[in-house]
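> The residues making up each chain are set out below.
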Amino acid sequence: MNSLEDKRFELADQSKFDADEVVRPNISYWQDAWRRLKKNKLALLSMAVLIVLFVMSIIGPAISGQNYTTLMPEIKNLPPGRTYWLGTDYLGRDLFSRLWKGLRFSIIVAVVAASLKVLIGCIYGAVMAYLGGLVDDVMMRIVEVLNSIPYLIVTLIILVVLGNGYLPLLFALCITNWTSTARMVRGQILKLRESEYIMASAALGASSGRVIVRHLIPNTLSLLILDLATSIPYIIFDETVLSFLGIGLQPPAFSLGTLLSAGQEAMAFYPSHLLYPSLLLCLLVLSFNILGDGLRDALDPQLRD
Amino acid sequence: MARYIVRRVLEMLITLFLIVTATFFLLAAIPGNALTSKIAKLPQTVQTKIIEKYGYDKPVVQRYVITMKGLIVKGDFGESIIRPGETFAKNLKAKLPVTVRLSIQQILLGVTVGILLGIIAAMKRGSYLDKLILVGAMILVSMPSLVISLLLQKYCANGDLFKLPIIGWPKGKELWFGGWKYTILPTIAGSCSFIAYYSRLTKTSMLESINQEYTLTARSKGLSEVQIVKNHVVRNSFIPIITVLPTTVASILTGSLFIERVFSIPGMGRYYIEAVQTRDIPIVLAGTTFYAVITVITMLITDILYGIVDPRIKIGARK
Amino acid sequence: MSQEPLLKVEDLRVSFHTYAGEVQAVRGVSFDVKAGEVLAIIGESGCGKSVTSRAIMSLVKAPQGEIKKESKILYQGKNVLEMNKKEQRAFRGGECSMIFQDAMVSLNPTMKIGKQIIENIVQHRQISKKEARKEAIQLLEAVGIPNPEKRIDQYPFEFSGGMRQRAMIAIAIACNPKILIADEPTTALDVTIQAQIMELIKSLKEKLNTAVILITHDFGVVAGSANKVAVMYAGQVVESGTREEIFYHPQHPYTLALLGSVPKLEWKNKQLLQTIKGTPPDLISPPKGCPFAKRCNYCMNVCLEEMPETTDFEAGHHTRCWLHHEEVPAAIKKMFHDDRAIITEGE
Chain A
0 MNSLEDKRFE
10 LADQSKFDAD
20 EVVRPNISYW
30 QDAWRRLKKN
40 KLALLSMAVL
50 IVLFVMSIIG
60 PAISGQNYTT
70 LMPEIKNLPP
80 GRTYWLGTDY
90 LGRDLFSRLW
100 KGLRFSIIVA
110 VVAASLKVLI
120 GCIYGAVMAY
130 LGGLVDDVMM
140 RIVEVLNSIP
150 YLIVTLIILV
160 VLGNGYLPLL
170 FALCITNWTS
180 TARMVRGQIL
190 KLRESEYIMA
200 SAALGASSGR
210 VIVRHLIPNT
220 LSLLILDLAT
230 SIPYIIFDET
240 VLSFLGIGLQ
250 PPAFSLGTLL
260 SAGQEAMAFY
270 PSHLLYPSLL
280 LCLLVLSFNI
290 LGDGLRDALD
300 PQLRD
Chain B
0 MARYIVRRVL
10 EMLITLFLIV
20 TATFFLLAAI
30 PGNALTSKIA
40 KLPQTVQTKI
50 IEKYGYDKPV
60 VQRYVITMKG
70 LIVKGDFGES
80 IIRPGETFAK
90 NLKAKLPVTV
100 RLSIQQILLG
110 VTVGILLGII
120 AAMKRGSYLD
130 KLILVGAMIL
140 VSMPSLVISL
150 LLQKYCANGD
160 LFKLPIIGWP
170 KGKELWFGGW
180 KYTILPTIAG
190 SCSFIAYYSR
200 LTKTSMLESI
210 NQEYTLTARS
220 KGLSEVQIVK
230 NHVVRNSFIP
240 IITVLPTTVA
250 SILTGSLFIE
260 RVFSIPGMGR
270 YYIEAVQTRD
280 IPIVLAGTTF
290 YAVITVITML
300 ITDILYGIVD
310 PRIKIGARK
Chain C
0 MSQEPLLKVE
10 DLRVSFHTYA
20 GEVQAVRGVS
30 FDVKAGEVLA
40 IIGESGCGKS
50 VTSRAIMSLV
60 KAPQGEIKKE
70 SKILYQGKNV
80 LEMNKKEQRA
90 FRGGECSMIF
100 QDAMVSLNPT
110 MKIGKQIIEN
120 IVQHRQISKK
130 EARKEAIQLL
140 EAVGIPNPEK
150 RIDQYPFEFS
160 GGMRQRAMIA
170 IAIACNPKIL
180 IADEPTTALD
190 VTIQAQIMEL
200 IKSLKEKLNT
210 AVILITHDFG
220 VVAGSANKVA
230 VMYAGQVVES
240 GTREEIFYHP
250 QHPYTLALLG
260 SVPKLEWKNK
270 QLLQTIKGTP
280 PDLISPPKGC
290 PFAKRCNYCM
300 NVCLEEMPET
310 TDFEAGHHTR
320 CWLHHEEVPA
330 AIKKMFHDDR
340 AIITEGE
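Chains as they are written, first to last, in numbering that gives the first Met the number 0: chain A, 0 to 304; chain B, 0 to 318; chain C, 0 to 346.
The set of hints was computed from the structure by calculation and includes no laboratory data. In this text the structure is predicted, and so the values were computed from the model without any measurement. Possibly wrong hints are sitting among the right ones.
Simulated crosslink set (PhoX-like; lysine-lysine; CA at most 25 Å straight-line) [unchecked claim]: (1) B:130 <-> A:37; (2) B:153 <-> A:75; (3) B:229 <-> C:128; (4) B:130 <-> A:38.
Please put together the full structure from these sequences, using the hints given.
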């Protein structure tokens, strides 16, 4: 003890401490984003709800084991009961199974169309930014022309031309949606290319491949993930509207929008036919929105407070 | 400024020309249109005659030239196939006021309430009121207008809660003003999404502005919170709000497509959808052009507003 | 200079609550300024000097920012932190005003310069808008802006960097404040403009007998203008004293290291220019000993374990360093004094 006291005023052994040591461990951008997302209970809950909805949309129709395709007028408009958990519709089909089947189609359309939109927009935007000059001008003009009509109308026209059905609907939804992504990607790449750290990395001799892999993609990826998450609800809306108007799908194919349309017709006497698909649709969109918000908070370091 | 507007109008005309052309050829590619289904049951000779009468026997390019000529000379795309003698322009007179009134009511309600809620949420950030607005906006934004329309129609019309009519729209003298009981539900149905969208946007954009250094300067002058918001934050945070104006108009237009259908309102949206469903080519072409014209004009107005709100942007001196 | 201090800061503690934890940005800072005096607060980025200035102006934003209860900011004997909102607002801008670092972002981009000045005048004085406008023109002239009648109706983006900073100063002095806080007023400017701006601040100080608190990381700026200097490190004042004391008899190794990192013309041996190794400590979990210990050339075992007490020298010169403890071996003290002689005298 005494000896320690004596040594108090001796020079410390500097080799034992590293002046550069950082007390907190460094964590990467994605780790940090994931940590933030995990802290957001609501976003986690919405993710759980989405997983449940996904699973139910796959196995839901099989659970009740009831018929949901053939017309059986003798059991139409049954109230909820033991055999038909949520009752039957105006043609005697099991509503429970139809709900999940309709949800399945809405989810497929939304996820596929949103992914395609991001992919097309990303490629288009990158091409614009990279080629520049006349090509950029022409491609940008095309985007502007497309943006000069509300895109649901473009979708309508394309559906008129292609006819109703799964594939035309999918095609029509993603062919019109990508312009915002393309603009965003183009803007981001141009901005990044002008940014000083990319110039610095190029000045230090990084190859353009390295610049793309190390800087452009990571800095654009979070934007794209956000874009994907936020566009899904909109595509679900559009699909619902089109199907409701009877333009998207042809019977016997159906989605939540078709169910809504049938629900409107039955709503005076069987309000549940309108209520169930409405609730399911809202729950789906709400979950996507909350998850999207959570992702934005997690991915955008500028919003940290 | 005048020069800028002239240039923009020219650009707009080119854009519109491209849209009309593209739409025309897309529609020409449809295997069957209103005409083919209308005459399907008639004898062959009569069919040919009718097709000739509407000019569908000619090659596409020739039809295109005729259509464009008609557009320039008469300002129209020709007669409806479904209702002979009717043109889009004629219908516009009766149907446009309906849609315009519905849209204005939706914008007034949605945008003003939305911005107000957003300002309240930003100023009282962290409070229960803020959280309430946040949750409310989240739920509203997640309820498709279509669902809101249907639920309103089911639960607020004709009975249980309110004695509002399920469908219909004021006519005659009340076309522009009055007959409110018809317009309440469609207006609310269409404006909910705007309330949600604008309150969220306003709040984010106000917070962004509040976090800027110049707000700190304003605070260092000893201004009160209300003065800071009124004099410094609002104008700067309106810049992003103006940017979404075209989106708003676009969603009003697309919203009218199904809201008018749900509430059986005799407006442009329903008319257009009917034309699309029956493949009434001239009307679809005219309607599409009409929507494009409105969108393009909105964009021009947005750019001009931009220059007014943000002194750093000099209209006409860009690029 | 024996009058009462105009502003007295005692044991100021400010924390920010962040995702990663509580950042103790300012940890018990005390100093005072008298009328007509220039106090320079110097330190590297993140040492808490800007936060200190913002705390004086009550600009630390709740809920993330928190000024601890034991802190006192006494203006003419009255605690600013305990004033009600109205009194605080009258104090801000009226009695005490602030020049911010980057006028580019500190001026409202969508408001005319004149209006930004008039706003301040009207807020604190019973005066019509018309008269306020006249005064604003005079102010612009006073800060050396040519054509003030025309300039008053321009927007900040139409001003050059130096002009913007002048306009910023015009806003700050609009109400003849008793205290002027300048937070790195010249950092964003060219060197030639820097000197002009510092001259302007000095001449305004003479004219108005204002107390100036100058926040900076630049010893050059301090040398030309300050009466007193407080050196901050990791949220604490490690040394304070008159300009002469700090420049010629620094008692803290950090001050010495800072001085050593500024090149001087008198130095014969140009190799002397030093850098300070390492980085400042993480203020989320500040070290229990002296925060500078791990970067210090004279670090002793005690420095790592315990916080040093304040040692007082003559003429209001204080420092917080173990080197001045009586038990420190003469050899270590000599090492410090030798190094100091080299740096301050340039031998």
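> Looking back at the hints listed earlier, which ones does the structure fail to meet?
none
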